[in-house]
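Required output: the full structure, derived from the provided sequences and hints.
There are 2 protein chains.
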Amino acid sequence: MVAPLSPEPTRDAVVLLSGGLDSMVVAGLAREQGYRLHALTIDYNQRHRIEIEAARAVAERLGAVRHVVLPLDLTQFGGSALTADIAVPKGGISASIPVTYVPARNLVFLSLCLAWAEALAARDLFIGVNALDYSGYPDCRPEFIAGFASLAMLATRAADEGEREPWRVHAPLQHLRKAEIALEAARLGLDPAWSWSCYDPQGPGLACGTCDSCRLRRAAMDETGVADATRYAA
Amino acid sequence: MVAPLSPEPTRDAVVLLSGGLDSMVVAGLAREQGYRLHALTIDYNQRHRIEIEAARAVAERLGAVRHVVLPLDLTQFGGSALTADIAVPKGGISASIPVTYVPARNLVFLSLCLAWAEALAARDLFIGVNALDYSGYPDCRPEFIAGFASLAMLATRAADEGEREPWRVHAPLQHLRKAEIALEAARLGLDPAWSWSCYDPQGPGLACGTCDSCRLRRAAMDETGVADATRYAA
Numbered sequence: 001m002v003a004p005l006s007p008e009p010t011r012d013a014v015v016l017l018s019g020g021l022d023s024m025v026v027a028g029l030a031r032e033q034g035y036r037l038h039a040l041t042i043d044y045n046q047r048h049r050i051e052i053e054a055a056r057a058v059a060e061r062l063g064a065v066r067h068v069v070l071p072l073d074l075t076q077f078g079g080s081a082l083t084a085d086i087a088v089p090k091g092g093i094s095a096s097i098p099v100t101y102v103p104a105r106n107l108v109f110l111s112l113c114l115a116w117a118e119a120l121a122a123r124d125l126f127i128g129v130n131a132l133d134y135s136g137y138p139d140c141r142p143e144f145i146a147g148f149a150s151l152a153m154l155a156t157r158a159a160d161e162g163e164r165e166p167w168r169v170h171a172p173l174q175h176l177r178k179a180e181i182a183l184e185a186a187r188l189g190l191d192p193a194w195s196w197s198c199y200d201p202q203g204p205g206l207a208c209g210t211c212d213s214c215r216l217r218r219a220a221m222d223e224t225g226v227a228d229a230t231r232y233a234a
Numbered sequence: 001m002v003a004p005l006s007p008e009p010t011r012d013a014v015v016l017l018s019g020g021l022d023s024m025v026v027a028g029l030a031r032e033q034g035y036r037l038h039a040l041t042i043d044y045n046q047r048h049r050i051e052i053e054a055a056r057a058v059a060e061r062l063g064a065v066r067h068v069v070l071p072l073d074l075t076q077f078g079g080s081a082l083t084a085d086i087a088v089p090k091g092g093i094s095a096s097i098p099v100t101y102v103p104a105r106n107l108v109f110l111s112l113c114l115a116w117a118e119a120l121a122a123r124d125l126f127i128g129v130n131a132l133d134y135s136g137y138p139d140c141r142p143e144f145i146a147g148f149a150s151l152a153m154l155a156t157r158a159a160d161e162g163e164r165e166p167w168r169v170h171a172p173l174q175h176l177r178k179a180e181i182a183l184e185a186a187r188l189g190l191d192p193a194w195s196w197s198c199y200d201p202q203g204p205g206l207a208c209g210t211c212d213s214c215r216l217r218r219a220a221m222d223e224t225g226v227a228d229a230t231r232y233a234a
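Chains as they are written, first to last, in this note's numbering: chain X, 1 to 234; chain R, 1 to 234.
In short, the hints are calculated from the structure, not lab data.
There could be a bad hint or two in this list.
[What the hints assert, rightly or not] Cβ-Cβ distance ranges computed for the label pairs, FRET-style:
1. R11/R <-> G225/X: 51 to 59 Å
2. D222/R <-> N45/X: 28 to 36 Å
3. K90/R <-> T75/X: 36 to 44 Å
4. L206/X <-> G63/R: 54 to 62 Å
5. R187/R <-> A84/X: 34 to 42 Å
6. H175/X <-> Q33/R: 39 to 47 Å
7. A219/X <-> A95/R: 51 to 59 Å
8. E53/R <-> D73/X: 40 to 48 Å
9. R164/X <-> A219/R: 30 to 38 Å
[Claimed, not checked] Covered stretches of chain R, going by a simulated chain X footprint (3 or more residues, C-beta under 8 Å):
10. 106-113
11. 135-147
[Unchecked claim] To be clear about the criterion: a stretch of chain R counts as covered by chain X if any three or more of its residues have a C-beta under 8 Å from a C-beta of chain X, and this derived list gives those stretches:
12. 61-74
13. 94-102
14. 152-161
This one's a predicted model, so the numbers in the text were calculated from it and none came from an experiment.
A virtual CB, placed ideally from N, CA and C, is assigned to each residue, including glycine.
Structure follows, in structure tokens:
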């Protein structure tokens, strides 16, 4: 059970909610910090669109004031194992940027969060990137997040507002290991099984167990002993 | 008549093609410089969706190797006279950012150009922003365009490529007056009537004549004598 909202939320934030473990924890942290959640999920026609159902469940459980699932068909561009007919690697995490990287995805998605936040007159965005136990995507790194926050000041009405509030791009998992993220889920009362990580679902509710995303998740649960009812094919 | 491609195009570029006069001229300039055109039009459910038909005509006339019209419903966020039920101003261009500004639009759209270009292994983007005779949108200013090009280096595989080629964000109209853009259209053999500028269409093929976009276009045609068969309601 998720605890009631406390403190009473007073500020609006837009939270990028993929439906994965990380974005669920970020949404939980934003809520804990007293933000009203405006959850944004992009239906980019990804291989693992099943994650969108997880996002719906998480948004509802966390009491999001609105959840937008926005279609944006990135298979028109392709260039990734998640958006084109390219196999998802199963052999373990590589040293270089893997083919599951989706070109400019976090820039596109954060830009959409910014668009919604500006329309809401909110100044806070939350994203679940992390740069320790991750797949090496460039757009998960701290320098990208910091650069985005700077560019947001030039890309919006903020450019004309002089001394007004800066944009705040919260990435509270940035320096956490995956195991620490699992422990945060447990602390916040968020069941990992509500979320979906697998890039290559093998059937309804059946994760592959061997893609990078499954490997990182399983290792974190094994290390911490946090319960996770996710079913794996291998 | 548009002259045949010369020189033979050898490089790929993604061109943001709204269907307006500026983006048509930018596409013509990119073609003249020897780029193969990959034209991207965002169907953001804008009030003046009629511009998308103009974009299709321009892409075909300029021989784009591919034209993607990508649905992305920004009315989910609103916050602009182009994406919500807010009246388009008709009284003349104001000193401050007008309500036709769409939150973070150029950041979202350039990010999508970047995504496509990265998937294509291209390094060149073209956008028709200008910052002289314009409506004062922050995301049309040179500092935003320069900032975007810098962030692109952190947002993509380029972050890991060391000394490799930078992203080039071409905004060749940036420092042109609208009248100079009209003359460029004429020089390139591009008929202004192929393009659509009006924010508040009054019927099929009928521009309002009094929104900022109509005012800027008409003044440029009047000043230069470039022929434009666009019909205006007022």
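Hints violated by the structure (listed by number, smallest first): 2, 4 and 8
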